Amino acid sequence: MYISCTSCDDLSPLSLVKSLGDHCMGSFRTLLAASVIVATTVARSAGAQQSAEDLRAKFRLPVPEVGLATETGRFPRGAPGTSSGSPIAFGANWNDAFIGGGLQAPVRYSANGDADGSVSMGFGLGNASDIAGVEVAINALSTVRSGVGNRVGLGFKAHKILANNWGVALGMQGVQLNSNADDRNSIYGVATKAFSLEGTALSQFQGFTWSGGIGTEAFQTAGNLNSGKHGVGIFTSAALRVNDASSVILDWAGQDLNLGVSFVPFKSLPLVLSPAIADLTGASNANLATGAGAKKTGPRFTLGVGFAFKVNPTAPAPSAAPSMLVINATAVQVDAEKVAMAAARAEDERRRQVADSRTEDERKRVADAAAAAEKSRAIAAAAEAERSKNAAELDAVRATLAKIVYYDFDHDEIRDDQKASLDAKVPVLQANPLLMIRIAGHTDERGSDEYNLALSQRRAASAKRYLVSRGIAADRIETVGFGEERPVDVSNTEDAWAKNRRAEFEITAGGESLKVPPR
Amino acid sequence: MKKTFLSLGLVLVAAAPLAAQNINNSDHSSTGTTLSTFGGMFSPSNGGGSVSTATPGMIVIGATASTSLSSGGARSSITNTAIPAAAGAAVANLLSGAAGSVAVVQGQLNAAGAPTAETAAVMAAMAGLGANPSPAAVRNAVQKYNAMIAASSAAFLTNAPPVLLAIHNALTAFSAPLMAAK
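Chains as they are written, first to last, in my numbering: chain A, 1 to 519; chain B, 1 to 182.
Same shape as in the complex, but just chain A:
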């Protein structure tokens, strides 16, 4: 007998019994139906019961890596500058091009306060994250006083991105196309590092970039320059990325100490504006021979305007278009349907085999199979119970480790009633010597941000000291303070504040092989 269920949506045990009842004739109907019920129940219980770890694996997401910048379109979104006059080690790669200009008012050493400007354009070759990138630029200086095209030089920079957001570059500016540009033949080497501020006290900002280097001619001190010497000088810059669109920059460019900002006024246009006050200290006046059209100048206003774009807007980029998400979602759904269809086909086949068991031997085999299935189910249930028990114990261990410690208002001492929470963590840490944890201190909303940040750090540190005093190695415990920034309860009540004055405990390594401590 063959029972076709390909058109049957309801695969519940009751419907199967009914189906069998409709199709089966003879005294073995009950036995066959029972075997179907057993098998179906086994299948369903195996699917329904999952360990905590299995569940977590289903919910967990892969952590994306933050890689190098690649964006689609001819006009990727701009980013604010990271220096204000001195070189950095990052530069244009293949497919990058740029054009821009600069203004200074007044011009350095100008006797009559003239302003002047510059125009630059260039492109990139190679790839700094591969072998190296080379940035090539043409710079026309003194465009107002001397006229465009009269003081023109080329600039080259070979730049390479290293691990951990380091970059190094070797460059030269002022390679002469015609005479008189006053930055000519200046060679420099520079290193730059981009720092993440995640997890630091400055985490509200997006990042920090530092550059430092050494160079000849235009990079030497003003004292040397104005004495006609040809030495080397150092330069360095630091930029705090305030948000997506702006940064604040402090830059020692060789002769001038510059303080500037850089911002991107339009989200969809890679236009960067970088105003600055140059030569804050007047250091550029050193050894200057005044008179004959030259005089000492004070701080000057400078403005840089830049526009970068992709030469080939269709170059490959990693950003997924929304349609890709649709495709991915469809793929997931199709996979789920395939699995469901395969399961249904297997179930049909099994039913067919059951229904076709007509001989005594076959019936006996079916009965034996049902008994074996029952035995297997019992073994599986016992194993599952054991696994659940272990999982429950591990859950309890995790809960013990994660149990929050609370503090009194404006205090960082461990309260007597909280010591048990910390004491309970000690055997867990002792039983798991590879386990590393992070303690995060928090405060309520009362008090200044700065005070609360320090208080939260002290709270984390006091919890750490307590654990260390119980024999846990200090280097297994990391601490961090979040101040009042991460409340558990945002209400403005004493209860809420009490909940927020806390230290939280997080496993940072070794959690995958967690063991239950011996009792």
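In short, the hints are calculated from the structure, not lab data.
Just so we're clear, the structure is a prediction, and the values are computed from it rather than from any experiment.
It cannot be assumed that every hint is accurate.
[To be verified] Simulated DEER-style distance windows between Cβ atoms: (1) A:Glu53 x B:Ala98: 31 to 41 Å; (2) B:Gly100 x A:Arg145: 56 to 66 Å; (3) A:Asp449 x B:Ala98: 22 to 32 Å; (4) B:Ala82 x A:Asp423: 43 to 53 Å; (5) B:Gly97 x A:Ala201: 16 to 26 Å; (6) B:Gly97 x A:Leu259: 30 to 40 Å; (7) B:Gly100 x A:Leu434: 41 to 51 Å.
[To be verified] List of simulated lysine-lysine pairs, PhoX-like, C-alpha gap at most 25 Å: (8) A:Lys193 x A:Lys160; (9) A:Lys403 x B:Lys144; (10) A:Lys375 x A:Lys389; (11) A:Lys229 x A:Lys296; (12) A:Lys403 x A:Lys419; (13) A:Lys499 x B:Lys144; (14) B:Lys144 x A:Lys515; (15) A:Lys515 x A:Lys403; (16) B:Lys144 x A:Lys58; (17) A:Lys296 x A:Lys389.
Where a beta carbon is used, it is the ideal one built from N, C-alpha and C, also for glycine.
On the provided structure of chain A, position chain B as indicated by the hints.
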């Protein structure tokens, strides 16, 4: 590339011995060259480069995910069930940074048994993420979400509230382009 380096080296070596004259940087307007104005455009990663900004594509993805969640048309890739529109809308509001949205989502998660501290961290990481889905922010949100899952009980995950499924869907959408870029 080797030829390029060779050429560059020759240029540098040839130019170096030349004595500069009249160099006083009076022509140099400091910010007008590629050395500084464009610096941020080409920086990698977190320090100020374009990678730390939200790309237009990711903003579109955020908007698409939010719209899908709010409409009730989204399906959970974990349970393969539809995510109720109310839960989706709550998470969409969270992504947009709407006032009070954190309390709504956090309340539903905590009521279902989510670990409180880790849930608060997820809320902080996801609030307003749709308006600024920078890679660093997405990565941070995924890490906080995983920490919450790691601290969650089996009972909570077995009966996962719809807002958790909606959060999973949203973070999956935001992560997709970053994973594809690896």
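How the hints compare with the structure:
At roughly 35 Å, the beta-carbon separation of Glu53 of chain A and Ala98 of chain B lies within the given 31 to 41 Å, and the hint holds. Between Gly100 of chain B and Arg145 of chain A the Cβ separation comes to about 59 Å, which falls inside the hinted range of 56 to 66 Å. Judged by the Cβ atoms, the range 22 to 32 Å given for Asp449 of chain A and Ala98 of chain B holds: they are separated by roughly 24 Å. Restraint check, Ala82 of chain B to Asp423 of chain A: a C-beta distance of roughly 47 Å satisfies the suggested window 43 to 53 Å.
For Gly97 of chain B paired with Ala201 of chain A, a C-beta distance near 23 Å keeps the hint of 16 to 26 Å intact. About 32 Å separates the C-beta atoms of Gly97 of chain B and Leu259 of chain A, a value consistent with the hinted range of 30 to 40 Å. Distance hint check: the CB atoms of Gly100 of chain B and Leu434 of chain A are about 42 Å apart, consistent with the given range 41 to 51 Å. Distance restraint check for Lys193 of chain A and Lys160 of chain A: the Cα-Cα separation of roughly 12 Å lies within the 25 Å cut-off, and the hinted pair is therefore satisfied.
Restraint check for Lys403 of chain A and Lys144 of chain B: the C-alpha separation of about 17 Å stays at or below 25 Å, so the hint holds. Annotation: proposed proximity of Lys375 of chain A to Lys389 of chain A holds, straight-line Cα distance about 21 Å (limit 25 Å). Proposed proximity of Lys229 of chain A and Lys296 of chain A is supported: the alpha carbons are some 19 Å apart, at most 25 Å. The suggested pairing of Lys403 of chain A with Lys419 of chain A holds, with an alpha-carbon distance near 11 Å, which does not exceed 25 Å.
The straight-line distance between the Cα atoms of Lys499 of chain A and Lys144 of chain B is roughly 20 Å, inside the 25 Å bound, and the hint therefore holds. Between Lys144 of chain B and Lys515 of chain A the alpha-carbon distance is near 23 Å, which keeps this suggested pair within the 25 Å criterion. The suggested pairing of Lys515 of chain A with Lys403 of chain A holds, with an alpha-carbon distance near 17 Å, which does not exceed 25 Å. Taking the CA atoms of Lys144 of chain B and Lys58 of chain A, the gap is near 16 Å; set against the 25 Å cutoff, the hint holds.
In summary, the hint linking Lys296 of chain A to Lys389 of chain A is not supported, as the alpha carbons are separated by about 82 Å, beyond the 25 Å threshold.
In this structure, only the earlier hint numbered 17 is contradicted, and the remaining ones agree with it.
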